[in-house]
Amino acid sequence: MNLLLLLLSLAPPAPAAAAPQEAGGVWHPRVEIAWNRYYPYEGLLDIEARLAEAWPEFVELRDIGESWEGRPLRLLVLTDRRTGPAEDKPAMWVDGNVHGNEVQGGEAALYLAWWLLEHQDNPRAKALLETRTFYVLPSQNPDGRDHWFDTAATAHSSRSGVRPYDDDRDGLLDEDPPNDLDGDGEITMMRKQVPLGEGTHRLDPDDPRILLPADADHPGDWILLGSEGVDDDGDGRINEDDVGGYDMNRNWPADWQPRYLQYGAGDYPFSFPETAAIGKFLIEHPNVAAVQSFHNAGGMILRGPGAEYVKYPRSDVRVYDRLGKEGEAILPFYRYMVIHADLYTVHGGFVTWTYEGLGIFSFTNELWAPQQYYGKDREGSGGWFARNTKDQLQFVDDLLLGEAYSDWKPYHHPLYGDVEIGGFKRQHGRVAPSFMIEEMCHRNAMFCIRHAEEIADVSFSRVETEDLGDGLWRVTAVLRNDRTMPSRSAMAAEHEIGAPDVVRFVGDGVTVLTGGVLRDAFRPERLELPVRRPERILLRSGVPGHGVVRLSWIVEGAAGAPFRLEYEADKADDTAFEGVLGGTDDAQGD
Amino acid sequence: MLHCALLLLSPLLQAEAPPPYGYAPPEDLPETLTAIAADGGAELVEYGHSPEGRPLLALTFGRSTAPGRPEVLLVGNLDGARLGATEVLVGLCRRFAESGSPLLDAATVHVVPLANPDAAARAFRGADPWRGGPVDEDHDGLMDEDGPTDLDGDGLALWLKVPDPVGRWRTDERDPRALVEADAAAGEAGGFRRLREGDDRDGDREYGEDPPGGEDLDANFPHRWPQYRPEGGPYPLSAPEARALADFVLAHRHLALVVVLDDDDAFEKVPKGADRVDRDATRPLQDDREVLVVWSKRFRDLREADAGEGRPALPAPRGGADERGRFGEWAYFQAGVPVIESALWSPPLDRAPESAPELEKDAPDELKLLRWNDVAYDGAGFRTWRRLDHPSLGPVEVGGWLPLVLDNPPASDLPRLTALWGDFLDDLSGDFATLEWVDVETTPLGSGVFEARATLVNRGLLATTSAMGVRSRRPLPVRVVLELPQGGELLAGRRLQSVERLEGLGGHREFRWVYRLPESGAAALRATSQCAGEAIAELEAER
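Top to bottom, those sequences are chains E and R.
When we follow the working numbering, the leftmost residue of the first sequence carries the number 446, and every step to the right adds one.
When we follow the working numbering, the leftmost residue of the second sequence carries the number 61, and every step to the right adds one.
Warning: the hint list may mix true and false statements.
The list that follows gives simulated cross-link-like pairs (lysine to aspartate or glutamate, EDC-like), each with its CA atoms no further than 20 Å apart [to be verified]:
#1 Lys756(E) x Asp340(R)
#2 Lys725(E) x Glu291(R)
#3 Lys725(E) x Asp196(R)
Everything labelled a hint here was simulated from the structure, so no lab data went into it.
One chain only, chain R, in its complex shape (with noise of 0.2 Å):
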């Protein structure tokens, strides 16, 4: 908190420090949403702790009893190194606490600001954020026995680059920081190794190749989970972070959204549609991706109307969205919940202090990446290789980038992050799947008897159900029934009926009854959903 205070205070400062430089701890978050809670009416929900005892916790705005309404779920950082993530959904929650948003009267909100909390402890003091129980990730019979180790005492375990006649890395002509990869196509040689720093604390000449823990607790989820990676854990949700996560949107039936902010990205580019899906899926049903279209637009035409004089816009975050196990894929294959899968951010490729020459547009991303960070930070979010004396390599150098500096932004570009965010979820509460009846009329028959006819019209962006909802079975249809009074008496129809899904803007069904009504009393339609509301419509004959 102090840190971003003082950030605030100097606009005119070029560079400030990297992360977790104004990133406040997540050591503080209970607390933090503890006090938003209080303040801001919300409800706090542990869904479940960590294996070290860490509470999960949601955040939940605008809850209510109204038939049908939808709930939205945001979630951050399952990785636990994207502390952005968990920045920018705390700070959404204080704007949603302190000034509402639109969004809140359309749907029950809840936030997970930070999914993998004990990993996000570790990556905040800037260790590798590895997670989960041990993994003998070189199959060697040991258990986490050689992790990455501080050489140099700098209290960082970052890279070594190892002379090497047989190496395939080199460093790069126009940058001594540089240490690429040699691309024997191109007619380049290596001569360097680049190992994690460490002491192969089990004499098998890998370093840091079996670190504690390892299951990552994003490719622990059911949807292609890598059966035999170290990394996807023995078993889905093995681990309780992402069996406590699951169990959080199953028991949550009228999810209409979920969206991640973590280190995959489906949203700065929707992958392409497909017509059908299977156990190996990564496409979204072409009618699912349609919506994600629309909305991918609206969010970039937002980030570009940010961005001002002195204002480049905000980076678009780069990755793909192709790991097995994601939350963000079982959330939309299994669960049937439409998901916006954002990178949040990533280091921009375009900026370079004034005096640097020109590079050619193929050149090695990091060189981009490095004068970036001088523009950035000054240079401070890498660690310029220094000699070190290795205890069985000899002679090495030692550095590299810094923890979390490529994967959360500067803490000044968070307010900004934020702000955006929230503008666009102010946007979304329009979208909604809501149902309607129109067309409504009633026709005598004579002798008591009727004919109703009705359309149910949804006149939300979104289907009442996901073109995968349907396919998965899992949300519930839509459930249209005639209510007859005391005494009346179906002769044509079904009083109860299921519509799997009504298209958004204007998907509809027509329905058709003839009963018999008793002396007094009238008939009524009533249709009920899971997160399209409720629409009824009396039928206005009367005998």
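Chain E on its own, in the form it takes in the complex (with noise of 0.2 Å):
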């Protein structure tokens, strides 16, 4: 019966009440941020500053290394203090913005971090403020965020880093990049009007902005010269050798594979600096126990396997599958999906490396779906960048009036002669338009708290001793797990990464005789005997999600006699329970 009312007490917490704003009052945080915009990352770090201001016992900044460039990668370290080091709390690392271009991962992971600080009313993000730490890191790679703003750009350049790399080969460096001929701030592109029927293109007759592909009853008078640029180094080529060239999020070291093999993947794992420094950082803190890395765009939860190098566990793919189902309730237009079954083959990808190479349960978010564009799956808007040209116009014309659209403007080109210069510009088709951007950040800010409310979180929740007679007790306990995530995630069981989580019986009046993992409740005597001594008990595949792991020892000592009992993991809160032989028969830990 007390078992039972102890279940009840422990189950996943209420619906908590809600924040003040929510309830109807007037909401007046310690910080204001405008979450309309994107920030260059000096705007990024002024946000961490002026959080760790206001909230000094919850956030601490820490620089873990710099980028090729020499800007600090700031991380915010969130938890409550008052409760403990932010070492001694399993944690989630939450990043941002690998790729230049995908800037919305530097916003919504900040947005988390706002948003749990400034509700601390809220039981829940309370509770996981006292019992987790959150490590924010919103840009992966500041130089790329800031060329993204600071040059002309596409939506889909300044991906790399800017560290020069020889994309064609020639022994010079970064020497033809995209140029900016019309002078406007932005790469588009360009077209070239020919005589009828020599062209592969024609313009739409509603709207001449738009290209459509010539056919046999449509003759096309105009051709595609690819992004604006010249032939910077007189090779014969055209922005062949960009600024950088590189895929940060293929230089990590789970199923690393050189560029020949993998595009991007830099000379060897951690080559770069910037990857070098997080990669040190969640090294040396193995309490990390959940990842989540925002890109964009797509609007997918994507998790490993990258590659088909390797089979992940079905235990562990049982909690990956309940918190992306999870996640696609949250995330409307969003997607849980294989990485490399459902969208390409990544070598050396960042949370495929955090989960086969450290064991943590790690998903990448692809930000900003274009369905979203509408709020429905507007028939023909799918595609991953929103190919249909109509509905993109449609969008920018009516909801932002033009702005993120370049018209087509006339250019003579020192090669092609006249042509035109325009197209999209790179705001619009992979990151959420200004007024649509509070939501993105916020939806996925809940998905991390669902992921890391549901980090293992380990007790002991009952412990009896059973007299023997002539001194001799068996004591039995049960350690239970009351969330999703395992202790020690079936990956790391099987490859041994990472320390087992360990049992320790302690007592000093009290000698420890045998005792192991309880294989049968009913049948004391199906103990699992550990290879060493009993006082130490190693569990290799830890406490598993929403369940038990039953011990027993046969000890001697006096009734009364005190012992403690001490449960220790790397990716859950380590706990003990206190008792005397003999003494009342359950417990909870502390």
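Could you use the hints to bring the two separately framed chains together as a complex?
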């Protein structure tokens, strides 16, 4: 009976009291942040600084490294330090913007921190910061981010960092980037009118901004000439050696493959200062139990594997599926997908490394889905980057009064002669439009919160001592985990990643004769004897999600002799139970 | 040094002491290399340092600014216990400094005699060359808590021979020293366990299973990195020595050859070739293999020629090349440079004291090694089993091969090995790719318009880029440029062209251009490369 009551009291928290705003009050957050815009890196650092100043007992800023160009990788360490230091709690890592152009991950990551801080009246938000730590790195690639803001770019350019790379293998570095020929601060497209019948395209009679493919009935009089640019290095090619030329999300150690097998891989894992610094931090912080990385676009909740080289253990896949499906409900138009099976093959990706290499349950979200332009899956608006130009233009015209589009303008090109330059600007297609940013950030933050809430929470739910006579006792303990995630992922257990969970029996006046994991709750002799001394039992698979591990010891000691059970895990809170031989029969860990 | 001198003065001595007798302490290496650099005009480069603070050193010979000059890298002893490789490479440095080499006329040569100085320092003292950061080999949440331990006070942690009714080792009746694995299929029963000398400090009944460190420098490279093996390290190039060596290779864009002297061998018997490579490739591409076969034969011929009366040929090294994450494989499959991987030396299996009875061919190697040990070292390379009262196992025996003995040649073989490798390297001088313009023809087409035809040919044995280099896209292609004088105009053809690869021994590519020349000035062809030199041809026609 006692046990049943205990179970009820440990059930997942009931829906919390509403935060002030939702309760109808007038809300005055300590830090006012405009969530209707994207910030250059300096702006993200400023938000971090303001949060740290306003919430000193919750926020600590730590520089964990520097980018290639010397920008700080400033980690926002978020926890209620009054309940213990950050490193003593299981943690969630949240980052964004490893691809320089995928900027909104930075805002999404910081929104999570801001929202949790500003909702400390909410019992669930409060409990989360009391018992968990968030390591928030708004940008893995601040150089690429600023390059996207500061120089002429497209929605897709500046994915790389800015360390020079010889893309065209001519011994010169970054010598032929796209060129902003018309000086409008954007890299758009070039098109040229040619004699009728010689073109591949024709103008859409309804909207001459749009090119339609020529066909037998409609001969073409236009050709497409690619992105704005000239042949800077005179090698007969245009725009073939842009700034940078690599992909830091192919530079992580799990299944890393060289450039000839994986574009952008870098010389070797951690060959970039940014990945090296982040990798070092994660290796040195085994308390990280959950990872979320923000990218754009397409509306996806992605997990590994990134390639077919490894199989994920079934029990872990169940955890992923449960969180992923919940994410689909929280994030309309997002689909829960497996990277290599549903998207494409990625060698050396970040979240595949954090799971396959570090044993951490990890997701990548591709923020912003084209269906969101109209709030519904409008026919023909699909595709990752919304390739239906007509619909996209209608959106830009109706809701942005044309601002995200650069109209075609004539230009005299040194090679192609008279051409036109124009097209969508970088702000369109992959990032949410300004008025939709906050919703994107909020829904993704809630997904992170659900992930963090499901980090293993292990306690001694029941401890009994049984008098066997002659000073002998049987001590039986039940370790219970009330969350979805196990205290050690099956991947970590299978490949011996990190340390196994440990249960210690400590008692000065008590001698442990034998002990181990109890495999059958009704047959006390079905003990799995440990390899080594029974005072220190290793739980190689940890404590399963929503499950228990039973342990039992035969000990020698006087009635009333005190003993202590200690549980330690990399990715769950440590806990302990103190009792006496012949004492009360159930308890909860401290 | 003193040991060496004594050794050379005693040619009649039948048996010498086993290594490290006659070997220089690795700790002396910085001083030795500094002195060689000073004497021989070489450049001493510190390309990094080890976790214990020892410098990682390379000596560079024959540096030149000539365009397209190839570079060669000689690397030894990533393992740490392969002190023979270090000795031979230091010997080669001395030879380069004192007598030069045709190789230095053709190429810049970098020598890294000791890639793993921390491990070598331990190995020289007779300890296991454990390296790298702490690794929890037995996955019990404790680090480095149960390494091999010296129990009998001889200063070495060797082996325990433990009576055990279910043990799978047995004593061979032909030699009581030989502890060999019982072959159940041949009706043999065991009776012993073979354990590392140690006292099971963590009480898990394993002996020496979680020693200090545990990452293996030569399992820490990114090609076929053993992701979930302790020796692979937490990530590729996590070992500072490995990272520094990789950076050294990547920074030297003119490398035409890497020679690795360590514990793996893919040179004595060149592995079969492959038509394609993938992430798990172990075989060289067929085109690259052909050169290795030529060199391997040349090397074996030199070794045979070195033998003489009363002077048996140096033993051929044994050992495969199937370990994952090796430097040699990485340098080939990822950096794209041709690689020779040699284990340098292995104890011969065909030497025995004259009095010894014949052994069947399929007798266990352990017996053959013990006989060789009797000839080479008067038996001193093997510590005969002696009784020991083990604290937890009771009466056992302790003994076995001394460290270094099976992996390093007797000191008396070192000069011969050095000379052999020196002669082999001398002969490489003519093998490098060399660009040349041939069949250069200029035809006037009238009105100042000319057509030029020319063929670019590679005269060397090596291709301008290895087949793997082409695949990896790391080496840069040969660049061919038509240089026109001011006012000249290209009418047909491409001004700038890339040639990924010209094969060895006559690989060629023909080019054509049509151009108009101004009143004065001539056109020229220029081909530049990373390691096949530069070729320039004047196009003779003038207006």
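### Message
Tell me the numbers of any earlier hints that the structure contravenes, in ascending order.
### Response
Nothing - there is no hint that the structure violates, so all of them hold.
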